[in-house]
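The chain contents come next:
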Amino acid sequence: MADFRKEIMAQPIPGLNNISLVIHLLVIVVAKTSTTIKKLLGKFIKRK
Amino acid sequence: MKKNNSKTAIIIPASNEEFVIEKTLKTILSYINKHDVYLVDDNSKDKTFELALKFLPLNNVLSLRKNSGKAGALNIGINKFKLTEKYEYIMPIDADAVPASQFLENILECFILNKKRKLIAVTGKVIGNNSSWITAYRLWEYEISQNIYKNSQNATSTIAVCPGCATVYRSKVFKKIHFSRDTVTEDMDLTFEIHRKKLGKIGYCSKATVNTQDPGTFRDFAKQVERWYKGFWQCVIKHNVPWGGQKFDLEVALLATEGIFNGFIVLALLLLSPVIIRFRYELMIYPFIFDFWLFFLPSLLYTILKYKEYRMMLYIPQFYFMRLFTGLIFIKSFLKVLFGLAPSGEWQRTRRWQISERKLWLSPSLD
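Same order as they appear, the protein sequences are chains C and V. Our numbering puts the first residue of the first sequence at 350, with every later residue one more than the last. Our numbering puts the first residue of the second sequence at 5, with every later residue one more than the last.
Just to be clear, a hint being listed does not mean it is correct.
With a cut-off of at most 25 Å between alpha-carbon atoms, the simulated SDA-like pairs for lysine to any residue come out as follows [stated by the list, open to error]:
hint	chain 1	residue 1	chain 2	residue 2
1	C	381	V	148
2	V	211	V	272
3	V	310	C	367
4	V	120	C	367
5	C	388	V	112
6	C	388	V	336
7	C	388	V	202
8	V	202	C	377
9	C	387	V	336
10	V	336	V	226
11	C	381	V	336
Every beta carbon over 12 Å from chain C, so not counted as near; a handful from chain V, in silico [unchecked claim]:
hint	residue
12	152
13	154
14	255
Now the in silico label distances, taken between C-beta atoms and shown as ranges [as the list claims (entries may be wrong)]:
hint	chain 1	residue 1	chain 2	residue 2	range
15	V	222	C	396	57 to 63 Å
16	C	384	V	105	45 to 51 Å
17	V	221	C	388	19 to 25 Å
18	C	371	V	221	32 to 38 Å
I should point out that these hints are in silico values taken from the structure, not numbers from a laboratory. Keep in mind that this is a model prediction, so the values were computed, not measured. Where a beta carbon is used, it is the ideal one built from N, C-alpha and C, also for glycine.
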């Protein structure tokens with residue numbers, strides 16, 4: 350198993366062919382989180 | 005219910021579309037007033053013009069005697085019918101595309117709800133008709149490209165392409181810019197132009213769906229993908245990406261980087277496979293471990309569960325082959341565009357098909 354892991358990490362660019370996909374996923378997570386926080390803050394401020 | 009949606013004009017460029025135009029017009033006219041639907045027949049040799057006249061008023065159908073290409077037909081139609089003066093919104097649509105009955109309402113709602121963003125265009129979600137393993141593969145591609153990439157691009161206002169079959173533009177766009185014949189993907193070219201000229205932001209509405217035809221054979225699929233990729237590279241070069249200093253440049257550069265890596269990994273493994281298999285056969289597997297288990301399989305399972313298309317499980321090997329194959333086409337298209345071997349401006353589309361009595365009928369080849 351250790352050898353296997355070593356072999357994978359020895360690849361020049363493991364997973365780099367999906368880098369754009371990962372970045373796009375992160376953008377969606379950040380955008381959705383910020384929208385939710387804004388909504389919750391809005392509700393909180395209204396209550397106060 | 006039929007609505008007199010006089011705010012929006014629908015314009016259909018058509019060249020030899022007798023296979024699909026009747027169904028498209030019938031569907032559109034079941035919920036849009038015929039006076040708001042226009043068709044430009046670009047020198048068709050078949051019955052496209054006659055079929056259009058069966059459904060639309062004579063004043064809404066234009067027949068061009070000289071081939072003008074899709075971009076040319078759209079520009080001529082928008083000008084001749086004076087759509088920018090008569091309407092607030094314009095929706096160019098492919099002859100094979102069938103928008104859902106709520107499409108326009110959803111898109112117009114998106115324009116209104118996002119007033120602060122000052123949207124200049126809103127694009128909907130494209131859904132293919134799943135009828136073979138090739139179209140099933142496209143279903144997965146659409147899910148990934150729209151659910152992940154387009155949603156993310158929407159959040160950062162960097163939508164890279166407004167599909168020709170699913171976008172509504174504010175008509176003022178066409179007072180400033182026009183569809184160009186410089187590339188084979190006039191819709192992507194127009195999107196790049198909107199970003200470059202800073203005409204406004206582009207939104208994405210996943211609730212607004214359009215059904216479109218996907219290629220019926222492997223050859224047609226390969227041709228279509230090659231055309232899209234050639235168009236992408238033509239647009240990159242024409243609009244000087246990534247040197248434009250806009251957020252949009254970063255987005256396109258990211259997409260291109262991913263495509264290039266995909267293609268080169270496959271190409272390198274193919275070229276080096278005799279050596280690798282002889283000495284270190286396990287090296288052939290490693291590059292695909294991340295790609296297959298962490299990206300491909302989970303996203304495919306998601307699509308299968310979403311559409312309840314369990315037979316797609318049988319096609320996993322073919323689908324993965326297609327993924328690697330399209331990576332190679334990306335590199336091939338790049339080289340063709342770089343060496344000036346890619347055409348532009350002409351009608352470039354795949355053959356249409358009809359399903360009748362469980363048989364797949366393909367329209368004649370366009371070659």
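Hint by hint, here is what the structure shows:
| no. | hint | verdict |
| --- | --- | --- |
| 1 | C:381 x V:148 | holds (18 Å) |
| 2 | V:211 x V:272 | violated (41 Å) |
| 3 | V:310 x C:367 | holds (23 Å) |
| 4 | V:120 x C:367 | violated (33 Å) |
| 5 | C:388 x V:112 | holds (24 Å) |
| 6 | C:388 x V:336 | violated (47 Å) |
| 7 | C:388 x V:202 | violated (30 Å) |
| 8 | V:202 x C:377 | holds (24 Å) |
| 9 | C:387 x V:336 | violated (46 Å) |
| 10 | V:336 x V:226 | holds (12 Å) |
| 11 | C:381 x V:336 | violated (37 Å) |
| 12 | 152 | violated (5 Å) |
| 13 | 154 | violated (9 Å) |
| 14 | 255 | violated (9 Å) |
| 15 | V:222 x C:396: 57 to 63 Å | holds (60 Å) |
| 16 | C:384 x V:105: 45 to 51 Å | violated (29 Å) |
| 17 | V:221 x C:388: 19 to 25 Å | violated (48 Å) |
| 18 | C:371 x V:221: 32 to 38 Å | holds (34 Å) |
In this structure, the earlier hints numbered 2, 4, 6, 7, 9, 11, 12, 13, 14, 16 and 17 are contradicted, and the remaining ones agree with it.
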